[in-house]
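Modelling step: build the complete structure from the supplied sequences, incorporating the hints.
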Amino acid sequence: MRKLALLACAAALLPASVALAEWKPSKPVEFVVTAGAGGGTDIFARAVQAAVQKNNLMSQPIIVTIKGGGSGAEGYVYGKSAEGDPHKLVFGTHNMYVLPLAAKVAFTHKDLTPIAAMVFDEFLIWVKGDSPIKDSKGFVEAVKAKGGQWKMAGAQSKDSDELITKLLDKSIGAKIIYVPFKSGGEADVQVSGGHLDSHVNNPAESVGNWKAGKVRPLCVFNREPLAAGPKVTETQSWADIPTCKSQGIGIEQFQQPRIASLPGKVPAEAVTFYQDLLRKVAETPEWKDYVARTAQTGRVLIGGDLSKFIDEDYARFQTVFKEQGWLVQ
Amino acid sequence: MDNFNDLMHGFQVALTGYHIMLMVAGVLFGILVGVLPGLGAPNGVTLLIPLTFSMDPVSAIILLASMYWGALFGGSTTSILFNIPGEPSSVATTFDGHPMAKQGRATEALSYAFLSAAFGALFGVVVITLLAGPAATFAHKFSSPEYFAVYFLAFCCFVGLGGASPFKTLVSAGMGFSLAAVGMDTISGSLRLTYGLPELVKGVSFLVAVIGLFGIGELIATMEDRLEFRGVRARVSPRDVFKTMAALPSYWVALIRSSLVGCWMGITPGGPTAASFMSYGLARRFSPRADNFGKGEPEGVISPEAADHSAGTSAMLPMLALGIPGSATAAVMMGGLMIWGLHPGPMLFVDQKSFVWGLIASMYVANVVAVLIVLFTVPLFAAILRIPFAIIAPLIVVVCFVGAWTVSSSPFDLWLAFVFGLIGYLFKKTDYPIAPLVLAMVIGDKAEDAFRQSMIIHSGSLGAFWSNWLCGTLMTLALVLLFWPLLSRLVPHRSKAIAGDAPRARE
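Each protein sequence line maps, in turn, to chains A and B. Positions 1 to 329 (my numbering) are the ones given, in order, by the first sequence. Positions 330 to 836 (my numbering) are the ones given, in order, by the second sequence.
What the hints contain is simulated information worked out from the structure, not anything from laboratory work. All C-beta atoms, glycine included, are put in the ideal place defined by N, C-alpha and C. Treat the hints with caution; some may be incorrect.
[What the hints assert, rightly or not] Footprint (simulated), chain B over chain A, 3 or more residues, beta carbon under 8 angstroms:
| # | stretch |
| --- | --- |
| 1 | 30–39 |
| 2 | 44–53 |
| 3 | 73–84 |
| 4 | 94–104 |
| 5 | 144–157 |
| 6 | 209–217 |
Take a look at the structure:
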């Protein structure tokens, strides 16, 4: 009898001790999207949601909320105010550390706990489909020939697209006029409609018009060409686009990380739980399909690698922002 | 004929038992979402998207689109009954719909709204069916100056029509433009008018403002009046629905003009809200019963409703063909498209024929389903007005604040809604028109962006707006409409008529 009771005790203790070491969400987890509904960040959060749900990686349900006001500041401030709450995962981009540079917002990236950068979106130079410009050399010549009248469309102001434009200015040695729109989709219509000369959209923002021959990519801001995949047009796949560096444009790499973060001051066990969860997500076929379909680069950065990346990227933005006089105050 | 064959193929896709079931479910859910202010169609689509992960893309878009149609119908119901627009695009329906309900003609107003909405929607789908190719190419002609011209035209259609004093209209519009400027500025990337309050970074939500200005403002005014809705003795008879149906064809001019305005605004894309305002403004200017507008004129219900729905349906075209969403709801649906692995663009019409034409065919069927369902519920909804004011008023207050909360779950928005309620009441008492404020909030931000983009592109020259025939025509037309009262005064015969009409209009 006593033996049995002891066994029962041991059996009861066993899961308890495991539970101590292993944190698990005890209520539904909120995925906070720091951009508009239907945009890249929304699709990122929903791809994680779909991978988690289809593979039963988490017992608690997921609720996606859109808080994209003020270029995402709404969502980050919401994440900041949820300090210590490990049931909120904030989905964003480098906006997390770039926004506070240029605008007086009520957060800094130190207010959040970055968990993982899961995927990196690429930037390419695009021109109109029937443009005589065939490659980067032609692009550089055309910009110079326009004598300060070349018009670049882009999404948002003082963000990646305008930053790349400024870097191009320097590399080419000619001034480009930057015209900000609300989204990459709007910028794409301006270029495919022949109203503006070029843009630097992400692959997913322009793939529809590329297929139709309305816009054409010239080069990608990456050290390596993009991952091989099925042909997008009749002759080309993403991997066939040369890198800008190899074509004589002095910007080695420019990528936009997609980062999931917890609020500040959360228990270390919770951080471990989400790191494991997102690692598992990155292995699922649904996730791999999402990465390939949107022609992004799948690369998971966690822990020390992630903070090193953020510090370097932050410093790079800060330098350009300082030169341009965009720093707030 | 190609389009016709494709459409028939689409009907084969849409007319399966499963898809019709999805349409009914979507429409019912949409009506619910539309009736509750704050919880608009974009929120409804957002709520449904996780459900669609495991669906076929055609089934998923049919469900989401049907919900949208349901929400558009539902939004008009509360506009008419309680002066609370359930959807931003049904604001203009309150101008004449609510006065009609107050006169005990709620059944008539609801029937006019639903029938003309259905007409507008079907008109929009026919346009999509016939013009899928050319219309998509036409939308490509639009750059920033053209966009500005479209918004400017919408604004001039509405503002130049007189009624209230020009000074008061200007003040109201000015307030709207300032409110639209709050938050992050697209062109400079800096924050404006936030006074260091984190709650203002996301801007002032248009929905919260509308809930306050109309819903709460109306309640305060009603309380002061008589503590009851004047629609109490409303006859509720299903026969009224049929009578309205018979009377509708006599408004054919308004129906067709409004549907054209709607298609134009849906494709260009100015959006359903701007379309309904523009259509109301035009109707008021050109109707023989112009004096009766704002006092319960059926044409004032028919015009915004037909335009709203034809814009809502035709906004699907630029979304599918170009990836430019013509409305907030279309933007969320576009996100859905990407999640299902489809990329909006001209090739969608070539690569995904079943998807595109299945959706278009479902728009015919779902709108018929939706109008049958809502017409059936008209007597039910109209009967709500017979509930004593003391019971219904607290319920409306609750619904208003819940609506303001759902916009972004921010306690600050509740205070905003309350303050807007007081402003709405003061506006009513002092005879300031609310409509210019609302319109300025809707299109102010977009118009400003388009204007400043044009200035960047054309190095600061106002000639940008007359640089080609398209925006030149739009701008000139807008200016003519804006100064119409002055221009018509130049013609001697008209001047007498206007002088005679003016005092009557103010009664």
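- [ ] State the violated hints by number, sorted upward, taking the hints as numbered earlier in the document.
- [x] none
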